[in-house]
Amino acid sequence: MRTFDDDDTNHLFILERAGFGALIEALSDAEYEVIAPTIRDGAIIYDAIISEVDLPSGWADDQQAGRYKLKRRNDEALFGYAVGPHSWKKYLHPPEQLLWRAKKKEGGFDIHAAPIDTRKRAFLGVRACEIAAIEIQDRVFLRGPHIDEAYRARRENTLIIAVNCGDPAATCFCVSMSTGPAVRSGYDIAITEIISEDRHHFVIDAAGDAGRTVLKHLPLRPAGKKGLQAAEAVTAHAQQQMKRSLDTDGLQALLQNNADHPQWDNVASRCLSCTNCTAVCPTCFCTTVEDHTDLSGENAERVQHWDSCFSGSFSELGGAPVRRSTKSRYRQWMTHKLSTWIDQFGTSGCVGCGRCIAWCPAGIDITEEAAAIRKGANS
Amino acid sequence: MARKHIPKLAVWKFASCDGCQLSLLDCEDEFLALAGVIDIANFPEATRTKKRGPYDLSLVEGSISTMRDRERIQKVRRQSKYLVTIGACATAGGVQALRNGRDIAEFMSVVYARPDYIDTLATSTPISDHVKVDFELRGCPINKSQLLELITAFLHGRRPAIATTSVCAECKARGTVCVMTAKQAPCLGPVTQAGCGAICPAYDRSCYGCFGPMESPNTVSLKEQWRNLGANEKDIRRAFQTFNAGAPEFLNAARGHADKNN
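Each protein sequence line maps, in turn, to chains F and A. Note that the first sequence covers residues 15 to 393 in this note's numbering. Note that the second sequence covers residues 50 to 311 in this note's numbering.
Among the hints, erroneous ones may be present.
What the hints assert, rightly or not - Partner residues aside, some chain F positions facing chain A, computed with beta carbon under 10 Å:
1. 80
2. 100
3. 120
4. 131
5. 285
6. 288
7. 314
8. 372
To be clear, the hints were calculated from the coordinates, so they are not data collected in a lab. Since this is a predicted model, take the numbers as computed values, not measurements. By construction, the Cβ of each residue, glycine as well, lies at the ideal position given by its N, Cα and C atoms.
Let's have the full structure, built from the sequences with the hints guiding it.
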């Protein structure tokens, strides 16, 4: 883990706002496809951008349970908002991917593996909670007994340009999950945006070689101790602003010991089992596969796509789902996310990004549900 | 040497607009491939040629709304090894199921100059109310990719890969921003079955529910959210009373009955 040592500021630089466009140009020149926050359909989403004008300059978001709304800031901050409906999962672990194709031949069939995506991508604007989420998916896809080679290729070809959060949304609770708001590791370049009355600039932290190579031609100057302090003040402010919390004390055992808590019925009466929470969650990784044949029967293909523990087919055994009720599905999702995930992967499955809260059409709040289970719980 | 059996396909029309049958013609390139592997024995929308049964696969469009059709569907069933309904009319009774439970004589007197010429049942009902149905393909109209998947699965003896989860899953897979959360638009997506590809929200419209109820529709909770967004009871009732008005979960939602899904 990288620590901000007072004596060690030689990796920190200042980039003025006027020079920021050069960063995107430098990334493009280095043949990265630049993926960044941009506004579409009333939200800040992630997509390929061409230049700095595509960034949501001067925009913020107002987020509550089941509500998301863009609003203007009173400055021209480029990163003055929290996370939106998309996560980097859409690139690293895409919603649908072809695994292989097969062609019939005399006495059998040939299998052709799907080509692996080796495009170089730069993710610009990755938040601390999102780095934590990527590291969680790394554990799932790269550190288990089965390595996902397609994921590995995408991951290895990704440059991570992190942004320290200055203004969390009301749905954020990364402090509780110890994943933010300050970026501590897992990035190539980290940016802190600093806006004062007469100046708009960035403190740039170049952690690794890939990051430094990109920064080589930018108009940077050393940030020094003053730059470090200014950057730390931004995340300290974000931490103070964060109002939502999740009490993780004993949560792992609490959920496992309270499978019959009446709150599960309560939440099931509101839950739509629509799968939105699992789709927006940056750590939910479950997939299913579908086999398709063409009309001739000569060709077949296997496609992997996102699945959700809220769908009936997810727990289908012998032709019927094991988890028939919405109650059992919500309980499975939350218990896995906050408790059995720790047994399985050594970390919580929740990074406190708040997406499942904002993008639940029924406004179900995982922090409130966990608190309700704690009330009147079996120890 | 035994000749390979070429399966016979028949397409049947009951009370409907023909849109679902047209989805089959709309397959264009794939339709030619289909004609190469299956014997299109009866498809009045495409050809006047009509071959006698029995048929390996019957695609049935439309609802049962006349006494004649009530008899005819029995005949279709007897001649068909597999019977698949295509579209909201055949699967839920269609928009014409709005007449169910109302005064049909009064409707006829208002609509037709000579009501005595009209020979109709008081209800429009799905095919499954009358005969055994092997699979129901949803949609108003059906999705041609799902239709091809269904026919291909039938030809090769496998289960069709057709999801019964909500439209939300498709919105999220294509990266559409949720219209309900970001635009406060009352949307039927969370209780509607996927299959259309989530077209409407991608064009900034909320879901109309063309594919009918999803596998575990919590309409009670969704209605509560609609009220929070400012919808009144009439808005809610009308939203559930369209192409799938006759589907039990939507019918109950429109009538205000409590659902029992959880």
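Against the structure, the hints come out as follows:
The interface hint given for residue 80(F) holds, since its Cβ lies 6 Å from the closest Cβ of chain A, which is under the 10 Å cut-off. Residue-level restraint check for residue 100(F) holds (minimum Cβ-Cβ distance to chain A is 6 Å; threshold 10 Å). Against a cut-off of 10 Å between C-beta atoms, the interface hint on residue 120(F) is violated, since the closest Cβ of chain A lies about 17 Å away. Taken as an interface hint, residue 131(F) does not check out: its beta carbon lies about 17 Å from the nearest beta carbon of chain A, beyond 10 Å.
The interface hint given for residue 285(F) is met, as the beta carbon of that residue sits about 7 Å from the closest beta carbon of chain A, less than 10 Å. Among the interface hints, the one on residue 288(F) holds; its C-beta lies about 4 Å from the nearest C-beta in chain A, closer than the 10 Å criterion. Using the Cβ-Cβ criterion of 10 Å, the hint placing residue 314(F) at the interface with chain A is satisfied: the shortest such distance is roughly 9 Å. At a threshold of 10 Å, the smallest CB-CB gap from residue 372(F) to chain A is about 7 Å, leaving the interface hint in force.
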